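Sequence lines, in order, name chains A and B.
The first sequence begins at 1439 in this note's numbering and counts up by one.
The second sequence begins at 1439 in this note's numbering and counts up by one.
These are calculated hints, taken from the structure and not from any lab test.
Treat the numbers as computed from the prediction; the structure is a model and nothing was measured.
Hints may be right or wrong, so weigh each one.
If chains are identical, the list can't say which one is meant, so a pair holds when it fits in one copy or spans any two.
Said to hold, decoys possible - Restricting the straight-line Cα-Cα distance to at most 25 angstroms, the calculated cross-link-like pairs of lysine to aspartate or glutamate (DMTMM-like) are:
(1) LYS1549 - GLU1449
(2) LYS1741 - ASP1552
(3) LYS1643 - ASP1696
(4) LYS1549 - GLU1470
(5) LYS1741 - ASP1674
(6) LYS1643 - GLU1444
(7) LYS1741 - ASP1631
(8) LYS1734 - GLU1470
(9) LYS1549 - GLU1473
Protein chains: 2
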Amino acid sequence: MAVYTEVSDEELAAFLDGYDIGGLLSCKGIAEGVENSNFLLHTGGGYFILTLYEKRVDANDLPFFIGLMEHLARRGVNCPQPVRNRAGEALGELAGRPAAIVTFLDGMWSKRPDARQCGMVGQALARLHAAGADFAMSRANALSVEGWGPLFRAAETRADEVLPGLPVLLAGELARLQHDWPTGLPRGIIHADLFPDNVFFLGGKLSGLIDFYFACTDALAYDLAICLNAWCFEADASFNITKGMAMLDGYESIRRLDDAEVAALPVLARGAALRFLLTRLVDWLNRPEGALVRPKDPMEYVKKLRFHQQVTDARDYGLRR
Amino acid sequence: MAVYTEVSDEELAAFLDGYDIGGLLSCKGIAEGVENSNFLLHTGGGYFILTLYEKRVDANDLPFFIGLMEHLARRGVNCPQPVRNRAGEALGELAGRPAAIVTFLDGMWSKRPDARQCGMVGQALARLHAAGADFAMSRANALSVEGWGPLFRAAETRADEVLPGLPVLLAGELARLQHDWPTGLPRGIIHADLFPDNVFFLGGKLSGLIDFYFACTDALAYDLAICLNAWCFEADASFNITKGMAMLDGYESIRRLDDAEVAALPVLARGAALRFLLTRLVDWLNRPEGALVRPKDPMEYVKKLRFHQQVTDARDYGLRR
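So here's chain A without its partners, still in its complex pose:
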């Protein structure tokens, strides 16, 4: 649940004066998302989402995100569309933060995804990769293997608080991934955070994707590895191969993985698990006193990482060949 920044009525009114979306009728903070402050706006022009960009979002990256959402929509991906103000800008400043208004997207995210939904996500991810292929901008993935060392060092001395022995586990895994991390895989635009709360369903169909604020240029199969982590484990951290199979089948029905990607999938899945383990760990160890947002439990990804450490073949995730 996230509203980090309070916006005064005067600031909001002045900000909206710059847009041609009618007068303000209502503005309510939304109790979702953990990175930014989100508000549901009702104006004479309809319903919109107002986002104030908080931690981890670099204002310099916002033109990339905004441009990507516009590009993807033109390629048929249903995602929020930035609303441009009277000056033609999709980005402004509100309450000292970069801020944007995007269209309101109907749909519900699935709190307990089933295999059918995993299949639809696999398809949607492959379509996203295809749609991004001709996007002109690029953005390095700050949270790929080069970024994990600094995260590890930020958490190393206190990681024992979460689990005795965790620093050793992390150091070993990090060293191994730094050695084994694949290069030369097909690259392109990846979402990089396509968790269940970023995928909307409506009437039994996948209806839209949101939250492109980790999107970047990286190995396409790494995005799939992130989704296997985010969608195909049960609450007890056991891997559900039926879901994995559905997701991989869905993905490959649109874009077939090449041999190098298939071979790399286990190490990509380990890397994805380590990435979310490290960011959660840092958030957990640095949660402010009295914070209104409960940091996500890093232990979930310790368990997922241990699963991946046993995997040697993409068939263990459900790949059927």
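For chain A, the structure is supplied; the task is to place chain B on it using the hints.
Frame of chain A; chain B shown alone:
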């Protein structure tokens, strides 16, 4: 910010099947309110608020609240309207809680109310009192003077944690109010919680009132005393008599206080301050570890109470006669 209860997609779909408001398109938790869980619903029939009633709301009282909102709307008070399901019921059960759907009310609450808004609130409060006069149901005020003793005893031994000497201050004030509390004042339906976040403004006018879940039958002037506490102090807990004057003028432009009410206003204001001080204190001392809702600071009402303790005449609040 409040979403205490997570609702599964299946439960929500089953609940909405009972209503004739179209298919579910979106459901987002709202980061406002501290007593109940609120969600913004978008359905084929429009936008609605779904409320799950949590702590402090007794399910047996809900027919009173629902009936009151319907009655007030018929009398011209703009407030959320309960939506009845196919069985004609305005109340159902969802995720193990009593739940209701009400219409979505446009408008923005004022984070920094000015004197003009205080005047409009005074008027709206008097109109609410008039509109409630012929409401057939009644409900005792569980948080009036009889309820403060148990609250005090629940907080007594640990109140020192908030402020050294606070137990003595509270015991003295409680004894005095139990002795001085007025009886025989004009009674009727009061809102009992008309704080700024429960009053919406739109286009410079007061557009609606929400959150009737403390409404009850009590002295009308006590409701005004609550509003003086809630609206007419500055952030540093100094009383702004210009705002008090605007509020009292506004109220009396619709309903003139009688002599007994004028005489009782200082003690009613002390009582109102003690009531919010005690409930905030209990919430503060019992805030759960890792709670996502920050309890309101009881010290704000210690300072307000101290102001009221110096007041001997309603003119000190801005009454102009």
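- For the identical chains here, do LYS1741 and ASP1674 meet the 25 angstroms Cα criterion within one copy, between copies, both, or neither? Close inside one copy (9 angstroms), not across copies (50 angstroms); limit 25 angstroms.
- Message: My question is about LYS1741 and ASP1552: at a cut-off of 25 angstroms on alpha-carbon distance, are they close within one copy, between copies, both, or neither?
- Response: within (20 angstroms within a copy, 54 angstroms between copies)
- Task: Could you place LYS1643 and ASP1696 in one of the four classes (within, between, both, neither) given a Cα distance threshold of 25 angstroms?
- Result: neither (28 angstroms within a copy, 63 angstroms between copies)
- Message: If the cut is 25 angstroms between Cα atoms, do LYS1734 and GLU1470 qualify within a copy, between copies, both or neither?
- Response: Classified as both: same-chain Cα gap 13 angstroms, cross-chain 22 angstroms, threshold 25 angstroms.
- Message: Checking an output row: LYS1643 and GLU1444, CA cutoff 25 angstroms. Within, between, both or neither?
- Response: between (35 angstroms within a copy, 22 angstroms between copies)
- Same-copy or cross-copy closeness of LYS1549 to GLU1449 [CA-CA at most 25 angstroms]: Close across copies (12 angstroms), not inside one copy (35 angstroms); limit 25 angstroms.
- Message: Please sort LYS1549 with GLU1470 into within, between, both or neither, judging by C-alpha distance up to 25 angstroms.
- Response: both (13 angstroms within a copy, 22 angstroms between copies)
- Within, between, both or neither: LYS1549, GLU1473 at alpha-carbon 25 angstroms: both (19 angstroms within a copy, 24 angstroms between copies)
- Item | Within, between, both or neither, where LYS1741 and ASP1631 count as close if Cα-Cα is 25 angstroms or less | Within one copy only: 19 angstroms inside a chain, 47 angstroms across chains, cut-off 25 angstroms.
Going down the numbered hints, you'll see the structure goes against just number 3.
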